[in-house]
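Trainee: These protein sequence lines are chains A, B, C and D, in that order.
For reference, each letter of the first sequence is one residue, going 1 to 611 in our numbering.
For reference, each letter of the second sequence is one residue, going 612 to 1222 in our numbering.
For reference, each letter of the third sequence is one residue, going 1223 to 1563 in our numbering.
For reference, each letter of the fourth sequence is one residue, going 1564 to 1904 in our numbering.
Incorrect hints may have been included.
Which chain A residues face chain B? A few, computed with CB under 8 Å, are given here [as the list claims (entries may be wrong)]: (1) Glu306; (2) Ser329; (3) Leu332; (4) Arg335; (5) Gly461; (6) Lys483; (7) Leu573; (8) Pro576; (9) Ala579; (10) Tyr580.
Think about it this way: if two alpha-carbon atoms lie no more than 27 Å apart in a straight line, the pair counts; the simulated DSS-like pairs of lysine-lysine are [unchecked claim]: (11) B/Lys668 to C/Lys1437; (12) A/Lys173 to D/Lys1713; (13) A/Lys399 to A/Lys171; (14) D/Lys1778 to A/Lys57; (15) B/Lys789 to C/Lys1372; (16) B/Lys668 to C/Lys1289; (17) C/Lys1246 to C/Lys1405; (18) B/Lys1198 to A/Lys483; (19) B/Lys784 to C/Lys1372; (20) C/Lys1289 to A/Lys412; (21) C/Lys1372 to B/Lys782; (22) A/Lys136 to D/Lys1713; (23) A/Lys171 to A/Lys258; (24) C/Lys1289 to A/Lys427; (25) B/Lys869 to C/Lys1372; (26) C/Lys1289 to A/Lys424; (27) D/Lys1713 to A/Lys171; (28) C/Lys1489 to D/Lys1845; (29) A/Lys136 to A/Lys171; (30) A/Lys485 to B/Lys1198; (31) D/Lys1845 to C/Lys1478.
Pairwise CB distance ranges, derived in the manner of DEER restraints [what the hints assert, rightly or not]: (32) B/Asp1016 to D/Thr1655: 29 to 37 Å; (33) B/Lys1139 to D/Pro1892: 49 to 57 Å; (34) D/Lys1713 to A/Gln402: 25 to 33 Å.
Hints were generated in silico from the structure; no laboratory data involved.
Glycine included, C-beta positions come from ideal geometry on N, C-alpha and C.
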Amino acid sequence: MQEDSTQSPHKIINDFCVMFSNINGTGSSTANTTVMRALFEMGIPVSGRNLFPSNIKGLPTWFTVRVSKDGYLGRVERDHVQVLMNQDTVAEDVKKLVPGGLVLYDEAFSMPETLPTSLAFGIPMETLINELDIEKRLRSYVGNMVYVGVLASLLGIDMERVAGAIEFHFKGKTEAAKMNFHAAQRGAEWAQANIDRIAIPYTVEPMHITDGYILCDGNRAASLGTIYGGVQFVSWYPITPASNVIEEMNEFLPMLRKDPETGRMTCAVVQAEDELSALGMIIGAGWGGLRAMTATSGPGLSLMAEHLGLAYFAEVPVVVWDVQRVGPSTGLPTRTAQNDLLFAANISHGDTEQVILMPGSINECFEFGWKAFDIAERLQTPVLVMSDLDLGMNPWMGKPFQYPDTPMDRGKVLWEEDIERWTKEGKLWGRYLDVDGDAIPYRTVPGNRHPGATYFARGTGHDEFARYSEDPQVWQDNLARLKRKYRQARALVPQPIVERQKNARIGIITWGSTHMPVGEARDQLAAKGIATDYLRVRALPFTMEVVDFMQEHDRTYVVELNRDGQMKELLTLEAPQHAYKLRQLSKVDGLAMTAEWITQRIWEDEDGCHA
Amino acid sequence: MQEDSTQSPHKIINDFCVMFSNINGTGSSTANTTVMRALFEMGIPVSGRNLFPSNIKGLPTWFTVRVSKDGYLGRVERDHVQVLMNQDTVAEDVKKLVPGGLVLYDEAFSMPETLPTSLAFGIPMETLINELDIEKRLRSYVGNMVYVGVLASLLGIDMERVAGAIEFHFKGKTEAAKMNFHAAQRGAEWAQANIDRIAIPYTVEPMHITDGYILCDGNRAASLGTIYGGVQFVSWYPITPASNVIEEMNEFLPMLRKDPETGRMTCAVVQAEDELSALGMIIGAGWGGLRAMTATSGPGLSLMAEHLGLAYFAEVPVVVWDVQRVGPSTGLPTRTAQNDLLFAANISHGDTEQVILMPGSINECFEFGWKAFDIAERLQTPVLVMSDLDLGMNPWMGKPFQYPDTPMDRGKVLWEEDIERWTKEGKLWGRYLDVDGDAIPYRTVPGNRHPGATYFARGTGHDEFARYSEDPQVWQDNLARLKRKYRQARALVPQPIVERQKNARIGIITWGSTHMPVGEARDQLAAKGIATDYLRVRALPFTMEVVDFMQEHDRTYVVELNRDGQMKELLTLEAPQHAYKLRQLSKVDGLAMTAEWITQRIWEDEDGCHA
Amino acid sequence: MPDETNDIGLERADYQGSPNTLCKGCGHNAIIGQIMSACYELNLRPEEIVRYSGIGCSSKAPTYMLKRSFGFNGLHGRMPSLALGAMFADRTLTNIGMSGDGDTASIGIGQFKHICRRNPPMLYIVGNNGVYGLTKGQFSATTEAGVSFKRQGTSRYLPVDICMEALASNASFVARSFAGDPKQLRQLIKAALRHQGISVIDVISPCVSFYNFAKNLHSYEYAREHEIPLHELEFVPTDHQIMIKDFEAGTVRNVKLHDDSIIRLKKLDKEYDPTSRWQAFKVLEEAEEHHQLVTGLIYVDPDIPSTFDRYDLVEEPLNRLGNGRLRPPRESIDQINQMML
Amino acid sequence: MPDETNDIGLERADYQGSPNTLCKGCGHNAIIGQIMSACYELNLRPEEIVRYSGIGCSSKAPTYMLKRSFGFNGLHGRMPSLALGAMFADRTLTNIGMSGDGDTASIGIGQFKHICRRNPPMLYIVGNNGVYGLTKGQFSATTEAGVSFKRQGTSRYLPVDICMEALASNASFVARSFAGDPKQLRQLIKAALRHQGISVIDVISPCVSFYNFAKNLHSYEYAREHEIPLHELEFVPTDHQIMIKDFEAGTVRNVKLHDDSIIRLKKLDKEYDPTSRWQAFKVLEEAEEHHQLVTGLIYVDPDIPSTFDRYDLVEEPLNRLGNGRLRPPRESIDQINQMML
Ligand SMILES: Cc1ncc(C[n+]2csc(CCOP(=O)(O)OP(=O)(O)O)c2C)c(N)n1
Ligand SMILES: Cc1ncc(C[n+]2csc(CCOP(=O)(O)OP(=O)(O)O)c2C)c(N)n1
Ligand code: SF4
Ligand code: SF4
Ligand SMILES: [Mg+2]
Ligand SMILES: [Mg+2]
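Could you build the full structure based on these sequences and the hints that come with them?
Mentor: Set out below in structure tokens:
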């Protein structure tokens, strides 16, 4: 593709990263996502990443748009193009620019004496904005569109696509759309008149590889998947970065889940007073036979520990999304991490084991959104889904969402007629009786009017007929059955994804959003002569492939976003015999993983091995 | 000893187990502990174990007194002597009797047709009690003493010792003591008149090996240790089996911690509204420079997850006793287990690591009671102490408590004069600054009036000077320092206890109260020709001895009271290279471990190996 | 002799629970006894009742009644959230939550306050003994200040008044009763079971094992001597209204519940208007001052919308909706994908 | 020009905090402004103040004042327990807790209720904006019923009234104010800082980014138009009492605090007695009914013992006791061992 270019041969086409540096609360995100959308509409793979403070207004925020003809979606460590709209961070920002990169900034800023590039242009923001014929109070918001126009002009972004992106954003508010596009045009005009585009090394060209793709963030995808999963009851407590999983439901439920006949809802969303209560409510609902879920992040998950033990032990299906952020404690609430895994796997006192799903893309957020219910109801146990801020709150490119390919599995629930039939057939029912030999009992739910259907649920010791029991044997048998039941999950959870290269002796394992940069890292390593195989874990309990993968490779790098190598620890427990072959490649600084970082570490390590 | 006996040669001397079966709420525990105390005062090693329901009055309860000339303290699975005072459980109870054992029961009971012994005697309880000259309302309580007398007479328990034990119990209430002893005497008389002692195979003889020893339960020992540790602030929420750690403080603090000059207290005990609040309070107090502790059990620990992350991250010393009971969830609140270990080790979201102590005797409960503060304050981090119901709520024999052998270590705290001196010396202080290179910073506490001493603590990202920070590098550095700090704990925590036998190829590892039956099991195994070495883990992080021990042995059995082999998992993570040599010997049915069980499993397994 | 049955043909035995393991004489026994009677007399089908509780002796009590109904004994202090979620499953059921003073006023006060605000249709009855029974006699948040126990020291803080808390949180039915006053208690329970929002009944329910001391409010003796009923109270179900007539005018006040059943309040000493929140505060405040036990219907607002009136849900029980009504139609996915940019 | 100083020689700048990152116009800014002024005017040494907060914009606010004091920004909803424990360390310090409506009335209501009961000497100030600011505009427990936000739907439940909650829990000083009424707010803060028990001040503190809508109670506009001060209020510290004289008799009511300082209440429209809990309930109840913002000192009991009066602790700060006073003497261990049988 690069070869076919009609542009000057020195141009870098569709392969660079644009960084916008702004102040939060100034409406810059509309402008920045406009750029991203316009590029996407040109058929070029893009990924956008928002780095924001735990604050509402006035602090630095950064948005990066990566343009990648190869479809790489991972974070890159340096910027090729910078749009600097925050005086406070200019000095630090420019340190991240590649030498010779393009810098656009507000003419009014005082800039560092020396820059790593000669391609730095001051945009007369104030003048251009004041020239616009718009109300004063809107100027600063709309004004951001000026730099969109400048950028479009310099990079060759189709202004029609910019117009389209703006229209998409303002959905029918034509006046606002017009005003914004006008500002962008003004920026473009200014750029044409004042900057020589030929000197700019970066350019974009239409491609067609995003055709049919969508742009969506993981939380919205999770929300939609949940809705298609037939969720009936949601309880939650606001927390970044999980809130918008639920807020998206508030937006989409009225569209998707109004009963066509009566116009009434088939799902209730209750904002709880805290996470203790949120989980309590969904346990009640799950016990009552509803598909029930909540979404939270680390601090909320900590508050759910006791209730998760109850749900495990009373065998109540619930779905809990944990959109991870940086901890321990309140930590960095607006930064990304994958650091709740060990806690989640061991959550609650006593012997417990939890089923955990780990989506690695927006499509999996959608898919696990509905699948989590099938698993939870089939197994009658909580299912935790571990997403993270990077996946959840950033716009990602993906295939269109697929309508669920299997019907809803409501698991083993008996209604009046079932109990009646069992009674007639002389078939014994007990709430915790293992009738089928698969360790999964049958359940009934309140509202079942059959006098033989009722039972009393509890978090204390109980026998197969749900009767209170302190009998040692009864306790032990029940706990053993729960363990057998947990093993059944292996057959139900999503299997890992494995990708191989020829003659690879080394493996890479990741989970969740750390997937994003791995393909790129593997290409980089391959280019250096290091072939790798790759396995992405998608669930706990592990399935056999995971152990086989470790066994097959001389060394396996476990790449993840935390300090303690949490996935590596779980893999060690699963197959200690292979633990000596595992290498911890974990870091936690609040930023997403990059291919450079992975490549560099593996390269160094492998080099050492070869030496 | 057996050989020297003056008794008939067929007698089993000082080596049997007496079981009392009662109804709870009937005051039987006074009677049963009287028997135990009298035996102890005769110089015979005893251990008592109470098995009680989660109920206040009217349900079955059992108390066993093991008499063991060899000083074995572990539970035994069968009873040699039974005193059956609960009609409801008679049929089940007698199944646990060894063939030919002695059974005493209330004459009024209907007994099973066949018994595994001919030595079953009905005591005319009602008649004997009615003959006593005591108020009606006291009769059923005092009446229990009748069987004490019968038993004493049949087993040869010194009635003077019985009198002493009764006096000890009623501390100065002479009237009550007299009344009770009178009842015992009546029982003894009846026995002498009606039962031929010669036929009874069990008997006791005075020894002298308990001289200087004490009897105490682990919770009281913990409480006293805490008081000698200089605890200044306690907050708690009632929960079985942890409540009496604190209730004992309410009893002993006025005696031990009244300021001699002013007669006022130097420690406050606050009952919180729940465990979230209890931990919150002690974090406040710990931050304020007080030695602060709480005690709880599983459900409470689950509620402490979020706050423990805060304490870890804000580096606040607190001590949390977890007296374990059977979980998951509310589980069996009055049964014992060691099943919170994995949860405690991974508690709270994000990357956290906790220092954990594991007392295995009442002496260690006392010792770790004070030591936990030294470690917590030295490291500025929470210390969790994992006891359990069996250790905490039963009376154990032990050496007298030792006055702490090291002075209180208050860790690195700077007061006004220190800050003043540092300032003069130009020495930089920052709350989280690693001045000494040991990853442990210096702290100040509120009340320090030096203007340079104050700082703002938080659970969010902060730099070395406690300033809010979202900087990726600052975050990562801080987390790395916390990990280095955690490693320092290896030098501070109690080292494991190792006991060896000659040429042992196999090892046994336990922790906590599961220690009790291990010595006996090792003797049994040795008798079968299997030599074993033994290591008892006493803390996390593990120290090198633990790894060495695994390495040295062909196989190591990890014996513990849970389903999932929680200690085995932690050992696997510590030294995956030795994991293949670990064997999980864990069980959880609410009953304490027994030597028989351990011996049997290891024997079977080793036999298999030999085959 | 044929067994007596109620209008739906059930015997009293059909309302029994599992074997009772509470202490003899425990106030909680009286409470569940009256609940069983009330359910029998109201002709409620046990399978259409759901029991909820937290942890404590009081929270174990529901096990000993209505064995033929569903029930969930959850976590300490967290019954409200569990119950609220479960109630969404089938809104046609009758809900009975039972809790203790520790469960409600100590660890559970947060959830208690919030469920009061939400006003779901349930009876929330508190077996208030001023002590932790199940953990053997510690102070609860309703223990009076100044009480001393050997192993606990002295209770240091002013007690929580559960009725006042319910009122402050806009609970729509607030009553206080006494386990030793079975008649009043039963009438209150009946009314509560018919009220369309949350009905909080704070029942002084002595713990005979740990805190039944005559000098303390939570004892049989004290309560008996200091009980001041606000009115004589009778519940008249919808189908029995004919009976109302035989009352002298002026001495009786009728409060009509949403289902047209009536709470008939016969004036005693003083006039009391249980529909005034403001008077309710006053009567509680005064009772507290004089260490008296005011009992009866303290406050009721029969018409305030319940939780479910605030959600626009389909009428059928949510837990009976077929898959077809839960998963959006296949066509919709394209529309959704179109929106994703 | 020499900088102005207070009686202990400190400048206003000595009471400043770290750079402020709240939104411009946020009500919380007004609150911390008045706290700083009050501390300056009361001649409090910053090192002798301790700040506490939970999580939220309001809970971040303490960072932006009194930088020279200790502080602890704990967990969401858990400030009360943290503060209470810390206060035991040195009882001579002045304690300022700041929280939000979400932090106090949603997740934190349990701890809030219990700290009110315990009555420790602290100012507990709530920046009540009726919304979650920091998480970007969700409903809190004080949001009025019926408010609709695009991404939240409609708020369905009656709001929590923080003052009423404080009252029900026997808080000994309960006030309400408004971020747009700095003068009253400062006087209240001063009085609160001198009160010997817990002083709850519920401050309507608009969130300009998410909920400053004129039709809603928590907006500047609405609050300004509907504020009804109960009295004109002035705090007179102990050392200034001479000034009291110059007042017309009859129009002024003085409330004497435990340290002899005085809250001077000048009558406005109606007579109001802030020492009657019962009147306090009434005035709140009425304000709620008429959607008015009643401000001022709603209730005070100057003499009720504080937390620390209820423990018999040595007088010195506990955190300064030397090891010798904490570890029992060596002799005692034998005595203890003797007791172990
Ligand atoms: C999280 C947690 N903490 C503590 C306990 C222990 N616990 C069980 S019941 C109870 C108190 C019950 O008191 P109350 O609610 O008054 O009931 P009562 O037994 O007096 O009827 C406590 C503290 C528990 N089960 N869970
Ligand atoms: C356990 C937990 N749940 C959720 C959050 C997320 N959170 C942070 S601030 C906040 C609400 C703050 O609201 P409020 O107290 O009213 O303060 P405001 O920002 O409005 O001043 C929430 C829900 C959290 N930090 N911890
Ligand atoms: S201990 Fe008290 S509350 Fe519990 S059952 Fe017995 S009397 Fe009732
Ligand atoms: S978001 Fe609202 S509460 Fe937060 S700082 Fe801004 S105005 Fe204040
Ligand atoms: Mg109670
Ligand atoms: Mg708020």
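Trainee: Per the CB criterion, is A/Gly461 less than 8 Å away from chain B?
Mentor: Hint holds; A/Gly461 Cβ to chain B Cβ min 5 Å, cut 8 Å.
Trainee: Can you confirm whether the C-alpha distance between A/Lys136 and A/Lys171 stays at or below 27 Å?
Mentor: 23 Å, holds
Trainee: Using the nearest Cβ pair, does A/Pro576 come within less than 8 Å of chain B?
Mentor: 3 Å, holds
Trainee: Is C/Lys1372 within 27 Å of B/Lys782, Cα to Cα?
Mentor: 15 Å, holds
Trainee: Measuring from beta carbon to beta carbon, are D/Lys1713 and A/Gln402 in 25 to 33 Å?
Mentor: Given about 28 Å between the Cβ atoms, the range holds.
Trainee: Checking hints one by one. Is A/Leu332 an interface residue toward chain B, by the C-beta closer than 8 Å rule?
Mentor: With a closest approach of 5 Å, the A/Leu332 hint holds.
Trainee: Within 27 Å, alpha carbon to alpha carbon, are C/Lys1289 and A/Lys412?
Mentor: 23 Å, holds
Trainee: A/Lys171 and A/Lys258 were given as a pair; does the straight-line alpha-carbon distance stay at or below 27 Å?
Mentor: OK: A/Lys171 and A/Lys258 at ~23 Å, within 27 Å.
Trainee: Grab the minimum C-beta distance from A/Ala579 to chain B and call the hint holds if it beats 8 Å, violated otherwise.
Mentor: 3 Å, holds
Trainee: Was the hint right that A/Lys483 lines chain B, CB cutoff 8 Å?
Mentor: 7 Å, holds
Trainee: Given the hint that C/Lys1289 pairs with A/Lys424, does the C-alpha gap stay at or below 27 Å?
Mentor: 22 Å, holds
Trainee: Any CB of chain B closer than 8 Å to the CB of A/Arg335?
Mentor: 7 Å, holds
The structure fails none of the hints (numbered hints given earlier).
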